[in-house]
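Participant: In terms of our numbering, the sequence shown opens at residue -4 and continues consecutively.
Treat the hints with caution; some may be incorrect.
Label-pair restraints from in silico Cβ distances [what the hints assert, rightly or not]:
id: 1; residue 1: Glu225; residue 2: Glu68; range: 32 to 38 Å
id: 2; residue 1: Gly267; residue 2: Leu(-2); range: 45 to 51 Å
id: 3; residue 1: Val247; residue 2: Gly267; range: 29 to 35 Å
Derived from the structure by calculation, the hints contain no laboratory data. Keep in mind that this is a model prediction, so the values were computed, not measured. All residues carry an ideal CB built from backbone N, CA and C; glycine is no exception.
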Amino acid sequence: MNLDTVADELYGLRPEEFVAARDRHALAAREAGDRSLAEEIRALRRPSLAAWVSNLLVRRQPEEVEPLLGLGERLRRAHRELDGEQLRELARRQNEVIGALGRQARKLAGQAGHPVGEGVQREVEETLHAVLADPRAGREWAAGRLVKPLTSPAGFPVADEALLGDRPTPAAPGSGSPARGRKRGADNERRRPHTGTRGKTREAEQERAREAERERAREARRELRAREEEADAAARAVDEAGARSAEADERVGELRERLRQAEEEQRRARAGVREARDRARQADRAAREARRRAGTAAARSGS
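Starting from the given sequences, assemble the full structure and let the hints guide the process.
Facilitator: So this is what it looks like as structure tokens:
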């Protein structure tokens, strides 16, 4: 038994099975005399639901790992080189891949007997965005042992932001053909400021609405992460309480075994005392009998 083997097994279990299995392994390591390994095993933390689903995707569909890591490498290179065209192309691919993997991960969770909702699916997709943005996050995810969801680093564009540059630019107001005549052109010139102002106002309102939507989405993600962190903290508290209880049970077991051994030694000692007393009484009777016979013999010889 070693930590790597145990961790690989534990993070493949459903979250509700994690703690009991971990404590069994820790107890087995302690009984085998490896207290250091027992402590390392007991320090392993139960994964959140979204982290478990992310791990499940890696374990059930390992063929998806390398393609996603490769896509992340190409995205990061395009981001570094400020290659807008390549970024837009890869961002579309990113949307497609992450959407498909998020849905597949949710399906796998249901097949594993633990259905999840859209909130968990969004956290899985956020983890996949982080995998594309950060090679270290990619390595953590590929190991299949996440404890909590990953988040994208600041400054790396998500797919929707990268695709903003792909939107068609509206034609400038009043860009009619000069062939339509000077009067038509003059009319257009008179109309252009009003139309342009109206268009700019509408565009500004649309942008404010989009920004409000983005802010609501960010706030929802922050709220979700906060609730997830609270749930993780509660789960850790349960784990720690369970670990303390298991350690106390183990100490009680050890003390009971020592008590049993001490009681056995006490029984043997008392039996030894009884045997010694019996031998002492027998020896005393034999001595008295010998003295009596000696006295009788002496009396006969003197007469």
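Participant: Against each hint, give a clear statement of whether it holds in the structure.
Facilitator: Quick rundown of the hints versus the structure:
A hinted range of 32 to 38 Å holds for the C-beta pair Glu225 and Glu68, which are about 35 Å apart. Separation of Gly267 from Leu(-2) is about 48 Å and conforms to the stated range, judged on CB atoms against 45 to 51 Å. For the pair Val247 and Gly267, the beta carbons lie near 30 Å from each other, so the given range of 29 to 35 Å is met.
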